[in-house]
Structures are given as structure tokens and as C-alpha cells.
Amino acid sequence: MSGSAPDIDLLGVTTLWLLVGLPAVVGIALSVAGRRATRLAAPVSVATAAVIVVVAMAVAILRPVVEVPFLSGAPFGLAVDGLSALIVPTVAVVTLVVLVFAAAEGTESPARFHGLMLIFAAAVAVTATASTLPTLLFAWEIMGAMSYALIGFRWRDDSRVSGGLTAFITTRAGDLGLYLAAGAALAGGAGLGLADLAAAPSPWRDIVAAGVLLAAFGKAAQLPFSFWLSRAMEGPSPVSALLHSAAMVAMGGYLLLRMEPLLEVAAWAAITVAWVGALTALLLGAVAVAQRDLKQLLAASTAAQLGFVVLAAGVGSVAGGTAHLIAHALTKALLFLAAGAWLTALGTKQLSELRGAARRWPLVGVAFAAGALSLAGIVPLSLWATKDEVLAGALEASPALYVVGLAAAALSAAYAGKALFILWAKPSTEKRGPYDTEQRGTRRIGVWARIPLVLLAVGAVIAGVLAVPPVGDWFRGVLGAEADPRPGVWELVGSAVLALLVLGLVAGKRARAPSWATNWLYLGQATRVLVVDPVLWLSEKLARFDDNVLDTLVNQTAAGGMRAAFLAVKAETAGPEAAVDATASAARRLGVLARRPQTGQIHHYYAQITVILALAIVLLLVLALVVR
Amino acid sequence: MLSLAIFLPLVAAAVLAAIPRIPDTVVRWTWLAVTLVDLAILVGMWFSYTSPQPGELAFEEQLRWMPSVGSSYHVGVDGLSLPLLALTGVVFVACAIYALKDRDRQKSQAGLFLFLQSVSLGLFAAQDLILFFAFFDLTIVAMYFIIAGWGHGDAARSALKFFLYTFLGSLSLLLGFIGLYLGSEPHTFDVVELAKTTPFQNAPVAAGFVLAAIFIGLAIKTPTFPFHTWLPPAHTDAPAIGSAVLAGVMLKLGTYGFVRIAMPLLPDAWRSWAWLIVAIGIISVLYGALVALAQTDVKRMIAYTSVNHMGYVIIAVGAAGVVSDSSAQAQQLAITGAVVQMVSHGLVTAALFLLAGVLYERRSSYDLDSFGGLAAPAPRFAAFFAVAAFASLGLPGLSGFIAEFQIFTGSIGTVPLSAIALPGILITAALFLRALQRLFTGATCGLSVDFTDLRPREVLSIGSLLLLSVVIGVFPRFLLDVIEPAASVLAVLVGR
Chain U
1 MSGSAPDIDL LGVTTLWLLV GLPAVVGIAL SVAGRRATRL AAPVSVATAA
51 VIVVVAMAVA ILRPVVEVPF LSGAPFGLAV DGLSALIVPT VAVVTLVVLV
101 FAAAEGTESP ARFHGLMLIF AAAVAVTATA STLPTLLFAW EIMGAMSYAL
151 IGFRWRDDSR VSGGLTAFIT TRAGDLGLYL AAGAALAGGA GLGLADLAAA
201 PSPWRDIVAA GVLLAAFGKA AQLPFSFWLS RAMEGPSPVS ALLHSAAMVA
251 MGGYLLLRME PLLEVAAWAA ITVAWVGALT ALLLGAVAVA QRDLKQLLAA
301 STAAQLGFVV LAAGVGSVAG GTAHLIAHAL TKALLFLAAG AWLTALGTKQ
351 LSELRGAARR WPLVGVAFAA GALSLAGIVP LSLWATKDEV LAGALEASPA
401 LYVVGLAAAA LSAAYAGKAL FILWAKPSTE KRGPYDTEQR GTRRIGVWAR
451 IPLVLLAVGA VIAGVLAVPP VGDWFRGVLG AEADPRPGVW ELVGSAVLAL
501 LVLGLVAGKR ARAPSWATNW LYLGQATRVL VVDPVLWLSE KLARFDDNVL
551 DTLVNQTAAG GMRAAFLAVK AETAGPEAAV DATASAARRL GVLARRPQTG
601 QIHHYYAQIT VILALAIVLL LVLALVVR
Chain W
1 MLSLAIFLPL VAAAVLAAIP RIPDTVVRWT WLAVTLVDLA ILVGMWFSYT
51 SPQPGELAFE EQLRWMPSVG SSYHVGVDGL SLPLLALTGV VFVACAIYAL
101 KDRDRQKSQA GLFLFLQSVS LGLFAAQDLI LFFAFFDLTI VAMYFIIAGW
151 GHGDAARSAL KFFLYTFLGS LSLLLGFIGL YLGSEPHTFD VVELAKTTPF
201 QNAPVAAGFV LAAIFIGLAI KTPTFPFHTW LPPAHTDAPA IGSAVLAGVM
251 LKLGTYGFVR IAMPLLPDAW RSWAWLIVAI GIISVLYGAL VALAQTDVKR
301 MIAYTSVNHM GYVIIAVGAA GVVSDSSAQA QQLAITGAVV QMVSHGLVTA
351 ALFLLAGVLY ERRSSYDLDS FGGLAAPAPR FAAFFAVAAF ASLGLPGLSG
401 FIAEFQIFTG SIGTVPLSAI ALPGILITAA LFLRALQRLF TGATCGLSVD
451 FTDLRPREVL SIGSLLLLSV VIGVFPRFLL DVIEPAASVL AVLVGR
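Protein chains in written order, with my numbering: chain U, 1 to 628; chain W, 1 to 496.
Here chain U stands alone, though its shape is the one from the complex (with noise of 0.2 Å):
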């Protein structure tokens, strides 16, 4: 809350405006400026993401509101609550890191680069802490288009572009129900405030809710729209790293918790939530199994991940969600640029052929370790805490989704472990495949590459105490979330002694993947036959009859006129203006005889003259006989 004194709130205002304009205003500078910037970039980068890390700080410790006016009704407000006071600062941090890491390791276009995640960072601050729904929905199509701007940042590469393409239609289509939100609110009279949204009348609260629903589930790559976040794999990893993991497709499950209060007066709405968020990190994380691409299983790993989040906010948990929220940011962010690190040293992603990488820097080995071991749930790591807290709510919610969240949980362990045994194997010629398939290798992991790993597995190591007293009180306190269930010591003892086995059970083992968990459940392509190729078919049909239909109609209306003007003089010609047109005729047969003796030589005229006078005298001779 704000304080007291005038001068506390102008800081808290300023600071609020300078965590979502300074970056924001930087970033444009960069892109607009592109080449000219190339050596600028990275320095100005990584500085501005620095100071942005002290801004956030304070306005977790500030809580400023500010509102100006933007649409009619409905301003444009931002305001930090406890939440956003708790992820704020988080998305900060992991931006700062990943800048860092993205500076040391170089990239073409750096301006480029740095300018459109700067953007990224400045849409995620307004998205955590927007207080109206277009607020909301500005930064969060802005998330969608750098999003897609990153994933195809190499743009001679048309596949990389086609990846940003699917990412940002996939999500935009969830967007459509902010859109939809919106309306509903307006009709149930409730207004487009984020704290409003509950009070709308059924059934607008209900479509509302759905809106909500559709949205967040795009972006957080929960069921049915995972399949995008495989595809957004193209992109660079320091943007997997930070969009693709700790920022934008967290916003996912950030607006979930945030809109809480709406899932709970919408009964449906929380039970749908809890199911798919509970399905999500089931099935994803049996996809992320049966992976063989490094990246490709932390994808389907972090929409397992934020299952769990999910999950929290449709059973109410949520201290549980955000406290696993935070860790799974760390724990991510750190495995992506560890993942990272390995592409552009060893120039492969693929899982056989980074066998045993893990002992060539063991530093980045160590880290990565602490990761997945988090990512397992392995005692005392942050996952391992804050996904029991979470669990616990869905077993005060219904024994079912505690299953097959336990089950999901099991599977973390099992997609952690396979990972963390073959980069920690040894590494044997025969057995590993060559490097460089995906790109030419620099066989070098810079030092200014390896600090952002180290800070982040600390997190990774330490979030966990979030979840467990006293921090974990603390925490509650901050969310106001203090009555939300507790695991029990069984249940804690319980999955940790399930990671366990299971990290044993994967150890050393191959087993077949099932067809299905390879290609993330068919997502992709059953969108394609079910949505992308009718859509297409459609429109081709269309554009079709637009030319040969509509347009031949209107031609053939204007012909059909000329053709009805014909037969009119037609028939005109038939009828009474024959008459007039056969004296006109006559008249013009006259005109032509008359026109004959006009020959124009004079010899003739001059006959013609002693003709006619000749007959005039015999005319006058025959008149006076006549007379007489």
C-alpha cells in the first residue's frame, strides 16, 4: 500500500512508470537504431536490465498505484500487490541473468536482440501488474510479438520463422477470449477492472471466466495448445530461457493465480482449471520422457511445470502456485541457458550426442545437476517443496487430482534424471553421435556464461524455502494467502522418497517412447487437419467464389444491361421510330441527290444553270398557254 507521505507515493509512481518505460523506451531505441547500435547493445543492454532490477525491488517494497486515462471507462492501470510485489522482481532478476548470459555468448544483430527483449521485459512488467483487463491485454499481445519476432530472430532460416508464426497464431487464438472478457464484462455491467471481473453478474461472469480460461491457457502451453511451445524451440535458448520458460509462458499461470477470486465464485471454471493444469503436467511430462532433444524436453517440461501452477490456482493454493511459480523460473531459466551453453559450444541440442558434456565443463555440469535435480524433486530442492504445497491443495480439493499430480510429480523425476544421466555419463565415441549437426560449434563456454548458472542454480537450490516455514509464513503473508493447505510430513517424506526411486529406476535405462509422447501427443498435427487445413481449404473456396461468382455476377449484371439497352433501341427501331426513321431516310436519300450535281467545277454548274433555266422557260411557256 502506499504510503503516507506525498513524497513516498511520487517515488513509488515514478518508479512504477520508470520499471515499465525504461525499458520499453530503451528497447525501441535499440531496434530503431539496429546496426548503428551494434557495439552499444549489449552494454546498454545488460545496464538497463541492472537498473530495472533495483526498480523492481522497489516497488515490491513501495507498492505504488498509478491510473491514467486511456480507453473511455476503462484506464490504463497499473498497481503492485503482493503478487506482483513477489514476481516482479523474480522476472527482473532471471532478465538480468539471461541478458548477461546472452551478452557473453554474442549473437548476429545484437541491437536487435537486446532491443526487442528489452520490449519483452517491459510488457511482462505491465502485464504483472496490470489492474485493467485492455492493460492486460496491451502488454500481453506485445509478449505474443516479441515472442514471435525472437523465435524467428534468424530470419534466414524459414523454419525458425514458421516456429514464431505457429507460437504467436497458437497464442493469439487463446487471446481472442481477453477480447471476449472484455465484452462480457462490459454486458454484465461489471467494468474492466481485474478486481471487478468476479462481481459480474452470471452469466457474464461465466463467459468471462471462459475468456480468462482460453487466454491463459495459450500462453501458459497448457492442453490443447502445448504443441506451440515445441516450436518456439527455434528461437535462440536465452529466449527460452526467458520468455519460453520464466516469463511469458509463466504470465500463463500468473494470470490463473491473479484471477483466483473469479475461478472460486465460478465453480466450473476452478474445477476446469485444476483438471487440465493436473493433465497438463501428467501427459507433457510424459512427453517431456520421451524426448531426445535437450530442448525439446525442457519444453515439454515446462508446460508440465506450470500444470502444477495451474493446478494450484483452480484448487485455490496460492502461496503453493506462486511459490512454485518463482522456483520453476530459476530452476528453468538456468537449464535452458545451461542447454544453451552446450549448442553453442558442442553445436548439438540432440541428447545422444551431448552424452557425457557434463564432464567437459564441470562447472555448467554442476549447475545443470542442481537443476535437475530441483526439476526432480529431489530433498531439499525448491521444487520439491513448493510442488507439495501445491499437491496438498489438490488433495484437500479431491484425492483424484492429487494422483495424478503425484503421478506427474513421479514423471518430473523421471525426465530430470534421463537428462542428467546421459550429460553426466561418460562419454564413449562409440556411443555418443557427432557434434555440430545443428550448428558450427565453438567448443568454449566463456566464464561471463557460466556466472548467470551458478546465480541461478543458487536459486534453484534455495527457492524452496518459500514453501516452508518461516520464509514460507512470510510468503503466505505477502499473498495473503495464510490459510491455504499444508503437506503433511507423510506427503513430503512420500514424493521425495518417489523422486528417489524413480531417478533410480531411469538410471541407465532405455526404454522405447511411445509414438504418441515423441510427437507431443499429435497436438500439432491434429490442429493442422483439424483447423489450419479446413481454414485454408475455406478460404482458397472462397477467394474462388469471390472471383467466379460474385464477381462474374456483377459483370454479368453490367452486360446484361448493355445487352437490354441493345434490344430497347431495338425494339425502338421496330416500332414507332421506324416511321420516323424511314422519312428521316428519305429526307437523307434526297439530301444525297441534291448533294450529286454539286460537283464543284463550274462547267457544270454552268450547264446545270442553262438546264434549269431552259426548263423554267418552257415552264413559264406552258403556264401562260395554259392561262390563256
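What the hints contain is simulated information worked out from the structure, not anything from laboratory work. Watch out, some of these pointers could steer you wrong.
Okay, the calculated beta carbon distance ranges per label pair [unchecked claim]:
| no. | chain 1 | residue 1 | chain 2 | residue 2 | range |
| --- | --- | --- | --- | --- | --- |
| 1 | W | Val449 | U | Glu108 | 51 to 59 Å |
| 2 | W | Val449 | U | Gly106 | 23 to 31 Å |
| 3 | U | Gly34 | W | Ser365 | 50 to 58 Å |
| 4 | W | Arg477 | U | Leu530 | 20 to 28 Å |
| 5 | W | Ala328 | U | Glu396 | 53 to 61 Å |
| 6 | W | Ala328 | U | Gly21 | 32 to 40 Å |
| 7 | W | Pro67 | U | Leu593 | 51 to 59 Å |
| 8 | U | Pro6 | W | Arg477 | 50 to 58 Å |
| 9 | W | Ile178 | U | Ala586 | 40 to 48 Å |
| 10 | U | His604 | W | His152 | 34 to 42 Å |
| 11 | U | Leu530 | W | Asp369 | 23 to 31 Å |
| 12 | W | Val449 | U | Leu40 | 29 to 37 Å |
| 13 | U | Val611 | W | Val141 | 55 to 63 Å |
| 14 | W | Phe167 | U | Val529 | 45 to 53 Å |
Don't be surprised by glycine CBs; every beta carbon is placed ideally from N, CA and C.
Since the structure of chain U is provided, determine the placement of chain W on it from the hints.
Structure of chain W alone, referenced to chain U:
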């Protein structure tokens, strides 16, 4: 001041025509100077504008013209027309800059565009039906000569089709205007007077026929499904600046007619037929987007997206006719969104057509598949096209979002079934991203090789249009403060 803004270009055109043997350079720069002065006048009006009381106008001027039939030279400005007057000024400046390098019959071209600018401004300011009709027809004549004279491909045929089709529309419009005249008591063509008396209050059938005549006339101009087939050939064969004016300014004549004439003068009929109007809008949105998706010619594609974008306007004005006790905010949002969409579409589509003109000027082709990897030789062109495409598909931060968010929120707020049109913005996104991908990404091949990037004159002309789209997208208040009061007044007028 208003008449000065309207007739300055016309006077300049007459002067240019009167002076024989004037050098082309002088013609070009005079043309640009006149459009700039005219824009300056319009901007001055914008800053001195305060929203008039309901039923009144700002910068009002009235002269006796044909008192026997209740028609006068009556012009004036309110929140619905001021944004469109300003848009007209901006688009014509952009065209004058873009045409600085043209060498083909400069004097006639400049004269025609100046003439067209005058009649377009006159139309948006007209408060008399006869005056409105006269300007409406004169725009058609001017555009016919622009397409036929400076177009390419099958220009003569396309121009003729454009002329006959839209002229037919204007006749339907005239029929409706005469109907309004006969239905008013006392007989008048004055829009302000007609809005006060509301003709046909107790004759719903007659009102329905009059509305039908006016609606068809405006729908052809807009154009909505199924009256749009003149648009793609007209655009494809028109010169770049002709297309820019056609899409940027002239399509707005139709949609502006709805908010200026059809809605306030025939409120009962409008409310009765609102459902049909919304349905036509929904069909236009989806049909336009789907047909655009299948196009391989850049200009045809953009032309069909105009059908889609104008469809949103139709949905909004239709939905604003569904009145209930609690609908005031939704109606106002929908109307505001519709007017913003007119401005936004004017800026963005004009920019897109000028960009398409760059393609044709360099390579004489609009074929998407003949290009590829164009971002390598022409990064600035790629960036401009991308911004224009994202603005057109309604990305936040650009003007299209401000328009479409208000249109959808307001329309769904009064007619929940308007949500059927939502996939329109998804299909538009898909088709623009596909076009971007075909033109700009991948390996540089085909006609893209050695493509010259945007020249300064092109950057200035297209950039200013896009910059305005960004300004409206980020700081929309300066525009909405003008539109919103007028939208509220219109919502009340429709509701009576």
C-alpha cells in the same frame, strides 16, 4: 477557416491548370506545399476545437444555395468528422511526398489529386445532403481519372468498373436522400435540421426503404460483402498513391455516411435493422479475412483486408443500434471504436499500399511468391512493412488495437453474438505473418536480389503515416477526447 481548408487545394489546382508551360518541379513542390498548408490549417482547427453542444457544430458556415428545395451550402465539424478531415490532410501530404519523383504528366496528376482532396474534405464537412451527394460523386469522377490515367495492368477496365459500380451506389444514395427530403416536415436537405425532426417517425415501412437505399449506397462505397468486388481490381490496377487515397480516404466516405446520415436521421429504422447490419458486418469480417488469406498478390490481399477491417466498423455501428437501459457505455465504445478504426485503417492501409507501390516500382510485380528474403537487401523496407502489418492485424501499441478493442468490447457488450467475428483478427494475423514470411524471410531469391531499400522520400511519406499509428496506439487520448463526446451524442440520437 473550414471553407478555406476545403477549397484551398481546389484553388491551387485551378491556378496550376491556368498557367501554361509550368515546369514539373514547380508543380511537384507546389502540390506538396499546398497539402502541407492545408494540413497546417486542419491542425490549427484541431487545436482550437472544443466539442460543440449536442445538435451543434464547430466551425459552422452556411450560405444560401437552393432555398427553394431547402438546400444550402452548410458545412461544420464535430467529433465524428474532425478526425477524418485530419486523416484526409495527412494522407494527401503523404501522397504528395511519395509522388515527388513521379515524372508522368505531373501537372494533371497534381491537379486531380488537389481536386480530389478538396471534394473529400468537403464531403466530411458537409451538413447538407445535396452537398454531400455532390462531393460524393465528384470523388468518384476524380478517382476514375486517376486509375484510368495513371494505373497499370487492365487500368481502363478496372476504372470503369469502379466508376459504374460506385456511381450506381451513389444513385441509390440519392434516392434515399430524396426520400429523406420528402419525409421531413418542412422539407429540407439539411442534416442538422433533419436530425432534429427525424423523418418517418410513424412510417416504419417507408423508413425501412429509405434506409435500405442509403445503406446500399454506402455499403457499396465502404465496401461490405457482397458489394466489394469492384475493390480488388481497382486497387490492383491503381497507381500507388491512388490506392493509398482510395483505401485511406475514400472507403471512409461510406462508413462516415453511416454515422453522419443513416444512424442519426433514421434512428427507428436503424434500430429495427441493427441485427441485419451486424450480420453483414460479421460476414464481411470473416469473408474478407478468409479471401485475403488465399491471395498471392500483395495488393489484392490488402484490398480484401479492407473488406475485413471495414466489417468491424459495420459491426460496431450496427451493435450501437441495439439499445437497452444499460448499454450507453457499450454503445459509446462501439461508435468510438468505429471512428478510430476509420482513422487507423486510413493511416495503416495507405502505408501498406504505398509499400506495395515500392515493390511494383522496383520490380513490376505484386506476386508474393516471386520475392523472398527481401529483409537482407532492404531491411528498412522490411521493418516498415512489418510495423504496418502488425498495425493492421491489431497489435497493441499501434492504432488498430485501440480501434478493434473498443469495437469488440462495445459490440459484444450490446450484441454478444458479435463475438462470432473474433476469429477475424486471428485470420488477419495469420495472413499478414504469412505474407511477411513469404516476402522477407528465408534465402534472398527471385525478384528480391539487389532490391533497393526505401529512399528518403519513401521513408518520410510512409514513416509519417506509421508514426501517427504508433502515437494513436500509445497515447490515444488526444484522439479519443475529440471522438468520445460526439459518440455519446450519436448514441443518444440512435436511442431516441
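Here is what the structure says about each hint:
no., hint, verdict
1, W:Val449 x U:Glu108: 51 to 59 Å, "violated, 21 Å"
2, W:Val449 x U:Gly106: 23 to 31 Å, "holds, 29 Å"
3, U:Gly34 x W:Ser365: 50 to 58 Å, "violated, 27 Å"
4, W:Arg477 x U:Leu530: 20 to 28 Å, "violated, 43 Å"
5, W:Ala328 x U:Glu396: 53 to 61 Å, "violated, 45 Å"
6, W:Ala328 x U:Gly21: 32 to 40 Å, "holds, 34 Å"
7, W:Pro67 x U:Leu593: 51 to 59 Å, "holds, 57 Å"
8, U:Pro6 x W:Arg477: 50 to 58 Å, "violated, 25 Å"
9, W:Ile178 x U:Ala586: 40 to 48 Å, "holds, 44 Å"
10, U:His604 x W:His152: 34 to 42 Å, "violated, 58 Å"
11, U:Leu530 x W:Asp369: 23 to 31 Å, "holds, 27 Å"
12, W:Val449 x U:Leu40: 29 to 37 Å, "holds, 32 Å"
13, U:Val611 x W:Val141: 55 to 63 Å, "holds, 59 Å"
14, W:Phe167 x U:Val529: 45 to 53 Å, "holds, 47 Å"
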